Amino acid sequence: MVDALTVAFGRFKALDSVSLAVDSGEVRAVIGPNGAGKTTLLDVISGITKPVSGRVMLGDRIDLTQRSEAEIARAGVRRKFQKPSVFPALTVRENLEIGCGPALPARARPARIASVLGEIGLGPRTEVLAGSLAHGEKQWLEIGMVLAAEPALLLLDEPVAGLSDSETAHTAALIRALRRPDRAILVIEHDMGFVEAIADRVTVLHEGRTLYEGSMAGARGDARVIEVFLGR
Amino acid sequence: MSGAVQTALASPAGPARRAVRDPLVAGLVGLCLAAAAVLLVASPAPYLVNALGQLAAFAILAVSLDLVWGYLGILSLGHGLFFAIGGYVCAMHLLAHGVATTGVLPDFVQFMGWKSLPAYWVGLDHAAYALVLALALAGLVAFVFGLASFRSRVNGVYFSIISQALVYVAMLLMYRNDTGLGGNNGMTGFPLLFGWPMGSPGVVTGLTVAALLTLAAVLAGTRLLIGSAAGRRMLACRDDETRLRTLGYSTTRLKLGIWCLSAMIAALAGILYVPQVGIINPRVLAPDLSIEIAVWVAIGGLGRLGGAVIGAILVNGLKFWLSAAMPEAWPFILSGLVLFVVLVLPNGLLDLVALRPRSTWLRGAR
Ligand SMILES: Nc1ncnc2c1ncn2[C@@H]1O[C@H](COP(=O)(O)OP(=O)(O)OP(=O)(O)O)[C@@H](O)[C@H]1O
Ligand SMILES: [Mg+2]
Numbered sequence: 000m001v002d003a004l005t006v007a008f009g010r011f012k013a014l015d016s017v018s019l020a021v022d023s024g025e026v027r028a029v030i031g032p033n034g035a036g037k038t039t040l041l042d043v044i045s046g047i048t049k050p051v052s053g054r055v056m057l058g059d060r061i062d063l064t065q066r067s068e069a070e071i072a073r074a075g076v077r078r079k080f081q082k083p084s085v086f087p088a089l090t091v092r093e094n095l096e097i098g099c100g101p102a103l104p105a106r107a108r109p110a111r112i113a114s115v116l117g118e119i120g121l122g123p124r125t126e127v128l129a130g131s132l133a134h135g136e137k138q139w140l141e142i143g144m145v146l147a148a149e150p151a152l153l154l155l156d157e158p159v160a161g162l163s164d165s166e167t168a169h170t171a172a173l174i175r176a177l178r179r180p181d182r183a184i185l186v187i188e189h190d191m192g193f194v195e196a197i198a199d200r201v202t203v204l205h206e207g208r209t210l211y212e213g214s215m216a217g218a219r220g221d222a223r224v225i226e227v228f229l230g231r
Numbered sequence: 000m001s002g003a004v005q006t007a008l009a010s011p012a013g014p015a016r017r018a019v020r021d022p023l024v025a026g027l028v029g030l031c032l033a034a035a036a037v038l039l040v041a042s043p044a045p046y047l048v049n050a051l052g053q054l055a056a057f058a059i060l061a062v063s064l065d066l067v068w069g070y071l072g073i074l075s076l077g078h079g080l081f082f083a084i085g086g087y088v089c090a091m092h093l094l095a096h097g098v099a100t101t102g103v104l105p106d107f108v109q110f111m112g113w114k115s116l117p118a119y120w121v122g123l124d125h126a127a128y129a130l131v132l133a134l135a136l137a138g139l140v141a142f143v144f145g146l147a148s149f150r151s152r153v154n155g156v157y158f159s160i161i162s163q164a165l166v167y168v169a170m171l172l173m174y175r176n177d178t179g180l181g182g183n184n185g186m187t188g189f190p191l192l193f194g195w196p197m198g199s200p201g202v203v204t205g206l207t208v209a210a211l212l213t214l215a216a217v218l219a220g221t222r223l224l225i226g227s228a229a230g231r232r233m234l235a236c237r238d239d240e241t242r243l244r245t246l247g248y249s250t251t252r253l254k255l256g257i258w259c260l261s262a263m264i265a266a267l268a269g270i271l272y273v274p275q276v277g278i279i280n281p282r283v284l285a286p287d288l289s290i291e292i293a294v295w296v297a298i299g300g301l302g303r304l305g306g307a308v309i310g311a312i313l314v315n316g317l318k319f320w321l322s323a324a325m326p327e328a329w330p331f332i333l334s335g336l337v338l339f340v341v342l343v344l345p346n347g348l349l350d351l352v353a354l355r356p357r358s359t360w361l362r363g364a365r
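Chains A and B are the protein sequences, given in the same order.
Numbering that gives the first Met the number 0 numbers the first residue of the first sequence as 0 and each following residue consecutively.
Numbering that gives the first Met the number 0 numbers the first residue of the second sequence as 0 and each following residue consecutively.
One thing to keep in mind: the hints can contain errors.
Stated by the list, open to error - Computed footprint of chain A on chain B, listed as stretches where at least three residues anywhere in the stretch have a Cβ under 8 Å from a Cβ of chain A:
#	stretch
1	223–236
2	246–255
Claimed, not checked - Sample of chain A residues facing chain B (criterion: CB under 10 Å; computed from the structure):
#	residue
3	ASP15
4	LEU19
5	GLY100
Quick caveat, the hints were computed from the structure, so don't treat them as lab data.
Every value quoted in this text rests on a predicted model; they were computed, and no experiment measured them.
Don't be surprised by glycine CBs; every beta carbon is placed ideally from N, CA and C.
With the hints as constraints, model all of the structure from the sequences given.
Pasting the structure below:
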């Protein structure tokens, strides 16, 4: 639950009183032109950027704007970055092991890692250094890292950027399979076909404000949304 | 395939440890143990033995810096501070031990017109207490400085500059004569070590053997640490600290722990160094000495433990030899060496040897 969030860099407002409620069990897509503030929104939710005003409530008790990144992660929030962020000096397996988080006992890790490896299809590459993976494999590895902690809130920033069509379809299937009653998923994406395939609802951001919220079909028919996207 | 290899070699990950087997470190540990064994049976010229011991102390210091710089990405330009803490406390022990045994006050105490050692020296004639004090003091200073820096997210160049400022401030402080630590002349004239006359062949050999064994232990210990889960977190933190934090790890705690460990290892090097050279003065706190430690590590090869040892021994060995032969040329030779390594061997001298873990990278990329 994001409530009246405002973020400023100097005098520029990257987010201007944005509110957004994502329910458990839902896949929400946030779309919008470049510079709309999508990544900034995730930065605030994951604790990297502090807002000028507003709150981000996880459940009804935890205000994430008051917590450090590590505390937010331990509360069950995981985020995949726009630029694939894996640890290049560690192998795929070691990356996933760190992804399990500090709380998971060492005994439980191998099984968790094996199941994530199956989901992301990197089974044959477990002992490869992440730094030498191809772009698409890095994207999946990072998705695997954030999955390994079984997050309650999953934030994905452009998970199919730079992927081929078949890889995109594969990722869409993976994200749909991740939907669970006790998990909320927030996906940022430019690829409309992909958004249509995965999202229950979409939020359109433009210049730091919410332009539209509702179904993807509704967004396609909304005059202001069309203007913003065609005007690019 | 070849594309993947290209990325592996070009990746910013830097030289990372791979596998638990590390022939370079294992070889160096073996060499230290062998040298120590040889010294116990044969007796080479004392000045050579002494030089070897000093080199071993510098190598320990270099490893302590490599631990934080190569594996955690924290470049300290103030590690001379921790080395000096070990050295000063060791010097205090040696003098207090001398007073307790012979009753003669050290020169600088007489010079200040004092009738006895300053009150806070009490107990320092006990070696075990001095050792614990030196390590605790280095750890404490590192903890306070590290906590302040890491909590407020001071990183990169800013951290390096502040660490340099810290060692400079410490130097100014130690130049004062009223601190009870020898002022600008420092402390020297240590009469005894564990009751044995300083400078006797047995003491010289003993100190060198102690330094070699400590180096072997430090190398083996740090290597185990790097290969552990904590070591993997260190590499993760070095390459992408924000990513690690957003996976639920407190990087402040990780960095602080390793930083304090590194400071204590540097103090250990200082403890071993001072009785070998017989003097400590505020010069060890000079900013250029702290920078030089980073130069040793960079020349040998950052992030490979063994590289730090090789760099420290090579640079200081050259320095011993040349600063006797042609002292005025030394700064130029050092600068030339630095330029050569930076331009030709960006990963340090280990590039020359095929020992760098590149082969495992290739295997990994396949
Ligand atoms: N640290 C920062 N300092 C100053 N301005 C910033 C900072 N981070 C983001 N901005 C600005 O805030 C605005 C929103 O950026 P943001 O990265 O959130 O956009 P985005 O919607 O994710 O765009 P894209 O689709 O290109 O990823 C941009 O105009 C950007 O230049
Ligand atoms: Mg973005």
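Status of each hint after checking the structure:
Counting residues of the stretch 223–236 of chain B whose CB falls under 8 Å from any CB of chain A gives 5; the rule of at least 3 is met. A count of 5 residues in the stretch 246–255 of chain B with a Cβ less than 8 Å from any Cβ of chain A is obtained; the coverage claim is therefore met, three being the minimum. Hint status for A:ASP15 relative to chain B: violated, with the closest Cβ pair at about 25 Å, above 10 Å. About 20 Å separates the beta-carbon of A:LEU19 from the nearest beta-carbon of chain B, more than 10 Å, and the hint is not met.
The criterion of a C-beta within 10 Å of any C-beta in chain B is met by A:GLY100, whose closest approach is roughly 4 Å, and the hint holds.
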